[in-house]
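*Asks:* This is what each chain is made of:
2 protein chains.
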Amino acid sequence: MNYRLADKHFYAIIPAGGVGSRLWPLSRADAPKFLLDLTGSGKTLLESTFERIVPLTGPDRVFVVTGYAHRAAVKNQLPRVLDTNIFLEPSPRDSTAAICVAAAIIARRDPDAIVGSFPADHLVTAPAEFRHVVREAVEVAKQGYITTVGITPTGPSVAFGYIETGDAVDAERFPNARHVSRFVEKPEEDVARGFLADGKHLWNAGMFIAKAQVLLDVLRENRPRLAEAIDRIADVWGTPEQFVIKDQVWPDLEKIAIDYSIAEPAARDGKVAVVPGDFGWDDVGDFSAVARHLANRGSGSLAILGDRARVISDRASGIVVGETDRVVAVIGMEDVVVVDTDDALLVTNAQNAQRIKQMVDFLRASGRGDVL
Amino acid sequence: MNYRLADKHFYAIIPAGGVGSRLWPLSRADAPKFLLDLTGSGKTLLESTFERIVPLTGPDRVFVVTGYAHRAAVKNQLPRVLDTNIFLEPSPRDSTAAICVAAAIIARRDPDAIVGSFPADHLVTAPAEFRHVVREAVEVAKQGYITTVGITPTGPSVAFGYIETGDAVDAERFPNARHVSRFVEKPEEDVARGFLADGKHLWNAGMFIAKAQVLLDVLRENRPRLAEAIDRIADVWGTPEQFVIKDQVWPDLEKIAIDYSIAEPAARDGKVAVVPGDFGWDDVGDFSAVARHLANRGSGSLAILGDRARVISDRASGIVVGETDRVVAVIGMEDVVVVDTDDALLVTNAQNAQRIKQMVDFLRASGRGDVL
Chain A
195 MNYRLADKHF YAIIPAGGVG SRLWPLSRAD APKFLLDLTG SGKTLLESTF
245 ERIVPLTGPD RVFVVTGYAH RAAVKNQLPR VLDTNIFLEP SPRDSTAAIC
295 VAAAIIARRD PDAIVGSFPA DHLVTAPAEF RHVVREAVEV AKQGYITTVG
345 ITPTGPSVAF GYIETGDAVD AERFPNARHV SRFVEKPEED VARGFLADGK
395 HLWNAGMFIA KAQVLLDVLR ENRPRLAEAI DRIADVWGTP EQFVIKDQVW
445 PDLEKIAIDY SIAEPAARDG KVAVVPGDFG WDDVGDFSAV ARHLANRGSG
495 SLAILGDRAR VISDRASGIV VGETDRVVAV IGMEDVVVVD TDDALLVTNA
545 QNAQRIKQMV DFLRASGRGD VL
Chain B
195 MNYRLADKHF YAIIPAGGVG SRLWPLSRAD APKFLLDLTG SGKTLLESTF
245 ERIVPLTGPD RVFVVTGYAH RAAVKNQLPR VLDTNIFLEP SPRDSTAAIC
295 VAAAIIARRD PDAIVGSFPA DHLVTAPAEF RHVVREAVEV AKQGYITTVG
345 ITPTGPSVAF GYIETGDAVD AERFPNARHV SRFVEKPEED VARGFLADGK
395 HLWNAGMFIA KAQVLLDVLR ENRPRLAEAI DRIADVWGTP EQFVIKDQVW
445 PDLEKIAIDY SIAEPAARDG KVAVVPGDFG WDDVGDFSAV ARHLANRGSG
495 SLAILGDRAR VISDRASGIV VGETDRVVAV IGMEDVVVVD TDDALLVTNA
545 QNAQRIKQMV DFLRASGRGD VL
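Going down the list, the protein sequences come from chains A and B. Residues 195 to 566 in the working numbering are what the first sequence lists, from first letter to last. Residues 195 to 566 in the working numbering are what the second sequence lists, from first letter to last.
Chain A with its partners taken away, still in its complex shape (with noise of 0.2 Å):
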């Protein structure tokens, strides 16, 4: 492969964690959205998260943060990531904990280090044009900005956040990157139909590319001791210690999603720029995603992941995922969601995405955690 790297510098941290609960009972404890190919690809969310990030970074400067549970699926679908380069949380501690511990080991081999962290569980339809943007976002973050990618919308969702834009960053060098002016919470539909024809809101990917540097120092001004939890970890990091120290640590961190310990604060501050991009972003968060992207891929008014030759339909739209070797039929049914598993089933429709959260977690409590 031919790789044009973004800077010798820029490490890519994937913090690989989250079941995807509203994609039960495809996406379980032990196969969870991001190990599954949800598009009938041929590839999980994990692999092609890696083949895109990759020829900007080379190999060796791609950093994965999972569970202990996922290390043997992680390392047998990434073969090319160092063992050095890979952090088994002993439990989830949130994006804070999961993206930090890695800047800060990343910081320690490399002061100069730019960290871009990339979510494992999303989706790209245009790798290139993607590397296009992390480029000039590289750019953007060696002038010590915390820098997001925002993407353009293409309609008044109210399943992402939104990133509110300000003024331009440096219209002669970086055409594109303007600061930010807030983060906002997933909307109300008049909002988010508000944000679509306004133009100065994009939606927000999860992307952050910074210094490691910045990143830390941003953490340590808003969150001391978390970020001196972290700098203990990564201090004996890749020495005898570590096990030791990180086990004794790591339960008792803040769990907190980076948005509030480092994004938002930093935002106030004006220390966050954006670079917008257009490159078939989807963080596949339901079925209905799922079924809009298979749809794409020209399959008629009835999705289908899994094998088509077993399901028959008949007047049906939605989506059946098939993961057993059964016919399933489909008669007259509008926006369905049939999720054929060995130990589970789920019918619903498309506008019940929450509530199978709802479920999973009624599920846990009733003491049906083995179909979770």
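So the derived label-pair ranges between C-beta atoms look like this:
#1 Ser235(A) with Asp519(B): 31 to 39 Å
#2 Arg198(A) with Arg558(B): 54 to 62 Å
#3 Gly474(A) with Phe556(B): 35 to 43 Å
#4 Asp231(B) with Gln545(A): 34 to 42 Å
#5 Leu390(B) with Gly474(A): 55 to 63 Å
#6 Tyr454(B) with Ala559(A): 56 to 64 Å
It is worth saying that the hints were derived from the structure and are not from the lab. Keep in mind that this is a model prediction, so the values were computed, not measured. Note that CB positions come from ideal geometry on N, CA and C, so glycine has one too.
Chain A is fixed; fit chain B onto it per the hints.
*Replies:* Quick look at chain B alone, frame taken from chain A:
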């Protein structure tokens, strides 16, 4: 068990055929509707049919007609039926052949026989009342009428055929029996509403009670070749020749429902009577009907046939039939039909019974008979 026989010459014929395609994938070629327990009662429809009839006839005068493939299952479910009272059809030849061959065999044993034909796959929730009505029908049949049982409609059903009633048969002796003016096929909804309003129409439950000789005479008048062929089979029944003759004659028997070969022509000649009845009858022809009967048993808005503990639902109505040990989750669906079996899954809604049948035909035509 205490028998209170309807008449010492009264015999019951149970034609046990028909897969029940609208109940696929629960009903199968090797597990047809009559062999299934559709109400969660612990008894199959065939067993229940036998049990509600046997007090009227005693076990020795119950005659079953079924396919070779179901011999073992029928004998297993009805151990009290005599081997000499089971006629095995080499192939399905519709109801005239099934019922009349049994009537012809019975008539040779008992020239004064009165036979009553009762479908094996219908449901009756008030069997004592059913027997009360049949007793009256037997008395009417003794007068030479082909006597049917008409169900007082509880709604403008378009799923059943109707019986149009005429004058009383003999108001002194039979307070309820009336002449049948004509039989009406499943009507359109507006016609059904008219039938419900006029009070002259009853549902056709497919039961016929008549002297065996009367039944066979009417057949001879209207379908002489079929009557002759049936006579050939009955003449040698119980002799060493029986299998040879049956296998020779059976394949060429005309396939015709008894409604057309006997009931309708006889009605035109004023030879058919009807006794109205209200005994919780249903032909449980589709999953809506199954759901209805499960719902009557207090299952809430989502009826469940199978292990209730494995079905979880959130704002769902309709029916789940679970034959596997999987968890079935149904979220936000109205009138849904989910049938979960080992090798086939059906997802549809209550309005699509007819399309299930079409899908079964499609599966057969496309070489997937393995799941039928």
